[in-house]
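Trainee: Listed below, chain by chain, are the residues.
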Amino acid sequence: AQSVTQLGSHVSVSEGALVLLRCNYSSSVPPYLFWYVQYPNQGLQLLLKYTSAATLVKGINGFEAEFKKSETSFHLTKPSAHMSDAAEYFCAVSSNQAGTALIFGKGTTLSVSS
Amino acid sequence: DAGVTQSPTHLIKTRGQQVTLRCSPKSGHDTVSWYQQALGQGPQFIFQYYEEEERQRGNFPDRFSGHQFPNYSSELNVNALLLGDSALYLCASSSTDEIQETQYFGPGTRLLVL
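Residue numbers (my numbering), protein chains in the order written: chain U, 1 to 114; chain H, 1 to 114.
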């Protein structure tokens with residue numbers, strides 16, 4: 001069985017500050033992990049994915065995430081927040097690298113203030 | 001390339017009615033998955049269709065059924081609607097020939113059950 005827990009339903013940062021969104025996973029098989037972003041009234045856009053090739057994964061818009069097996073974590077970071085980063089972020093796990101039949105966390109709302 | 005398209009964008013139904021939602025996958029994709037996203041929650045996997053058959057199913061009752069057509073487009077049907085079926089329904093497509101390519105999500109259909 002697989003599951004994902006996102007710590008913190010709401011994160012607020014100032015523009016230019018570090019963004020850290022936390023995700024812990026549970027999986028009985030080697031996991032494929034994903035971060036998606038959802039802007040208001042829109043679908044999901046893939047930020048990055050972990051497919052076991054490298055533990056540090058770089059994605060779009062300056063985001064990156066590090067897979068830590070010992071901590072069962074896959075936290076999302078960005079060195080400097082922009083106002084345009086304000087959105088809902090979802091961590092998800094799948095048993096395949098295409099990311100089908102995804103199991104999502106409950107999401108974290110990121111707010112960015114000027 | 002139009003990407004994944006869904007119709008309608010919004011829909012209002014009453015309890016007990018039936019609804020059909022439609023999805024056209026991204027060009028070149030042959031697999032379609034459906035997700036339900038309740039307000040303030042992460043998406044939940046409903047089922048996946050490939051070669052016109054349901055291949056995987058999440059924890060949803062039989063009131064939720066689907067279909068895939070020879071052109072790979074898909075329908076999601078929900079019978080005997082309940083108030084709790086109000087949600088954003090997301091369609092995602094992927095390709096079995098390109099397993100390293102992640103699935104793409106459509107913008108969703110927002111269903112309101114009164």
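Some hints here could point you the wrong way.
Said to hold, decoys possible - Not the full set, but computed from the structure, chain U residues with beta-carbon under 8 Å of chain H:
| # | residue |
| --- | --- |
| 1 | Gly-16 |
| 2 | Val-19 |
| 3 | Tyr-39 |
| 4 | Gly-43 |
| 5 | Leu-44 |
| 6 | Ala-86 |
| 7 | Phe-90 |
| 8 | Gly-105 |
| 9 | Thr-108 |
These aren't lab readings, by the way, just hints derived from the structure by calculation.
We put the CB at the ideal spot given by N, CA and C, even for glycine.
Trainee: Compare the structure with each hint and give your call.
Mentor: Hints versus structure:
{"no.": "1", "hint": "Gly-16", "in the structure": "violated (29 Å)"}
{"no.": "2", "hint": "Val-19", "in the structure": "violated (19 Å)"}
{"no.": "3", "hint": "Tyr-39", "in the structure": "violated (10 Å)"}
{"no.": "4", "hint": "Gly-43", "in the structure": "holds (4 Å)"}
{"no.": "5", "hint": "Leu-44", "in the structure": "holds (4 Å)"}
{"no.": "6", "hint": "Ala-86", "in the structure": "violated (17 Å)"}
{"no.": "7", "hint": "Phe-90", "in the structure": "holds (5 Å)"}
{"no.": "8", "hint": "Gly-105", "in the structure": "holds (5 Å)"}
{"no.": "9", "hint": "Thr-108", "in the structure": "violated (10 Å)"}
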